[in-house]
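Here the protein sequences come in this chain order: C and R. So in my numbering, spot 463 of the first sequence is number 463, and the numbers just go up one at a time. So in my numbering, spot 34 of the second sequence is number 34, and the numbers just go up one at a time.
Just so you know, the hints here were simulated from the structure itself, not pulled from any lab data. From a predicted model like this one, the values you see are computed outputs, not experimental measurements. In this text, a Cβ means the ideal position worked out from N, Cα and C, and glycines have one as well. Please note that a few of the clues may not be correct.
What the hints assert, rightly or not - Taking CB as the label site, the calculated pair distances span: (1) C:R211 to R:D10: 27 to 35 Å; (2) C:G41 to R:D10: 38 to 46 Å; (3) C:R514 to R:G58: 18 to 26 Å; (4) C:G711 to R:D10: 44 to 52 Å; (5) C:L298 to R:G58: 49 to 57 Å; (6) C:P513 to R:D10: 29 to 37 Å.
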Amino acid sequence: MSGEHAAAPPAGVEQGSARPIVLLVGNPNSGKTTVFNLLTGSNGKVGNYPGITVDRRSAPLKLETGTLELVDLPGTYSLTSRSMEEEVAVDAVLGRGLPAPSSVVLLADATTLRRGLYLATQVLDTGVPAVLAITMMDEARGQGLELDVDALSEALGCEVVPMVASRGEGRAELLRAIARAEARSGTRGAAPPLPPALEADLAAVSEVVERLEPHAGLSEARESARRRSFAAWALLSLGDDEIEDVGAPLREAVSERHRLAASEGRKLDTELVAARYARIDALLDEVLRLPKAAKRPLSERVDDVLVHPVWGLVVFALVMALVFQALFSWSEPAIGLIEAGVEVVKALVGGALAEGPFRDLLLDGVIAGVGNVIVFVPQIALLFVFVTVLEDSGYLARVAFVIDRVMGGVGLHGKAFVPMLSGFACAIPAVMATRTIESRRDRLLTMLVVPLTSCSARLPVYVLVIGAVFSGSAKVFGLLELGAVVLFSMYALSVLAAVGAAAVLRRTVLRGPRPTMLLELPPYRRPRLRNVAFATWERVRRFLVDAGTVILALTIVLWAGLEYPKDEATPARLAPLREAAAAIEDEGERDERLSALDAEEKGAALRHSIGGRIGTAIEPAIEPLGFDYRIGIGILGAFAAREVFVSTLGIAFDVGEADEQSTSLRTALKTAKRRDGAPLMTPLTGVSLMVFFVLACQCMSTIAVVRRESGSWKWPGLMFAYMSLLAYGAALLVYQGGKLFGWG
Amino acid sequence: MPTPPNGSQDPTTLASLANGERAAILSVDCARPVAVRLLEMGLVPGTEIEVLRRAPLGDPIELSVRGFSLTVRKADAVSVSVARRAPGARR
Ligand SMILES: Nc1nc2c(ncn2[C@@H]2O[C@H](COP(=O)(O)OP(=O)(O)OP(=O)(O)O)[C@@H](O)[C@H]2O)c(=O)[nH]1
């Protein structure tokens, strides 16, 4: 954002669209999404703010006087910011590097008006023309609150529109008020004066702001209000922050004022915030009448059960089990349907085309790739239906509250629980669900460790390997199947790895101020079907458009790598054998012989391909883990999707098509020999292979979706690197350590 | 430190209040980023709060402040000094 300030477009004009911008600003849960949809009739289009991955939703706002662009700011409690992500709010309101808004729609929840007005007065003080919409008037009336709207409007110097946004009440009035605010364009009295000491602090910093910050091309009255607001922002925001686009002189001025204040025994932060609350309290004493005897809000009584020391945990476990069950099993039929559908399309297209490289590309590259993308849609859609319902109802905040003790212990945010849990079904929707975490650092951390949770696509690998090397073996303590214990250990390893990685990343790459969690527990509310549908569709759409294209491209590249160059020699060599086999009288024997030849040919073709050659070339590197080139090829193939590992192994071991239950592949694994003749699949190799699979980032779709959600290749790159190292190191330790103890 | 408002006594920290206890904020002395956020959420000196409950695992703490519910981790709550209200004292 820095450096662009000088080139900022004229006030209120959206780059490219030339429509004046109306900002929608409000606390989280104040009904922003509802009002946005109410005013624009749509979900709008979602993009990012320049340079950072903060959603920027906007849609045309049609007034009688013309069309404006309504831009939804992320929900926030104040303009104060410590990171570039949070800075979006102040930048958007002040028009720093972005076009300044021509007016602002402020939202405040009537039931938490004091806190809502903290943000609202911060914005009003910048001098921008504004309308204050007060939502949840129905709930406020229910609580017996009485608000004098006219007096509030008088005192704040802006129109105030009471609303029940969820029922559409107040829409017409709000639209008219916006039109009037636009017409007045910027004449409101200056912010009320603060105590002299604070005014002196603000004046000193404002002076530096005037020298450093470019003007937004506004009237002098607004420019001066803007400077004063920016000075107040700087005094509260700078110091221990991660903001990159403010000049050193401003930082110095701010820390100088803090020092000066401290030397007089004043606490500048406390004074600034307290002065605003004093102003709000004085105002509300005049215009808001509280009920005589407040009865305990319903939500609090509900919470007596839902976050009860015992029942709270039971409810929590039940809700989470439901989410997990849905992701794990309810998505199955839809996934099966998609997979079957892809096969049908393949058969149809395949039947219509002549054999050849183009047909192969279309069937196994493009159509299979599209299948690889849409197969995630059921789980993404299901998870977002749940997440949106949990979030809108207010329970998601309770989830974070209940489990924060556990998550906080390893440096994770309480809200990281749902994504981590979902990771056991599939990392793709889980990474997308990290969106509920507001802080970027907490969100990135979660995203980077979620792929360590053992997703359902790893299960076939465990099943195959355990079937091959642990079946029918001894029982542990005469009770448990050894295979079951091994399987359980893999899941335990995955949890430990995720927790450990979080702790390490928090202290290294994502080091920062001591993390915390200040969370509002909003009152319980009934989720709106419309909001849930909009939010879910938006996630699915963006997955298909952004991550989907990358996944498709990677599928085609991987397919080509395992298919080309073509092996001409083997089919020629096998041709006479084939003829001989075709001549065998006995039908059963003939088919068996022919399919063995098919399998051999497929295996040879795979080894001949680039992928096969790379797999062979890396053999020396993976030999210390106990793997041979065939497993190497399988690991490369698995990158397309982890479940492909099993079928690629089938081909590499010359058994043709195979799944994890296939006895032929199991037998092939059991009897496979290394080049030196020693058996390949010892229990030790099996464990080493499974440990590798638990820890490795073996899924290009995860990489694509992390790239999408983090906004750069840096984070998926880091994730791939650390997970690969971890997987390699752990498998090496297992295999070499095991051999040392003589287990191999 | 501001003088405790009338009717309050016994300065302590937010973390050591029992469930159901009321207190008035005296000062917020956490690390600055957390302190500013707590202040902005309305925990300025003089503000009345009530500890509603603790999470089932004992941490974080849920407070009622200015008509809404806010959760604060214990690690932060130890740096918030409050004046405990005498039991039964009215707001
Ligand atoms: N009773 C009542 N409920 C409302 C009103 N406005 C919105 N809601 C509900 O309040 C909840 C939160 O509304 P949202 O529009 O999602 O709020 P938001 O500000 O976008 O929330 P975040 O996306 O978390 O920032 C939803 O369940 C809405 O249906 C209102 O005026 N009255």
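Hints, verified against the model:
| no. | hint | result |
| --- | --- | --- |
| 1 | C:R211 to R:D10: 27 to 35 Å | violated (50 Å) |
| 2 | C:G41 to R:D10: 38 to 46 Å | violated (56 Å) |
| 3 | C:R514 to R:G58: 18 to 26 Å | holds (19 Å) |
| 4 | C:G711 to R:D10: 44 to 52 Å | holds (50 Å) |
| 5 | C:L298 to R:G58: 49 to 57 Å | violated (26 Å) |
| 6 | C:P513 to R:D10: 29 to 37 Å | holds (31 Å) |
Of the numbered hints stated above, those contradicted by the structure are hints 1, 2, 5, listed in ascending order.
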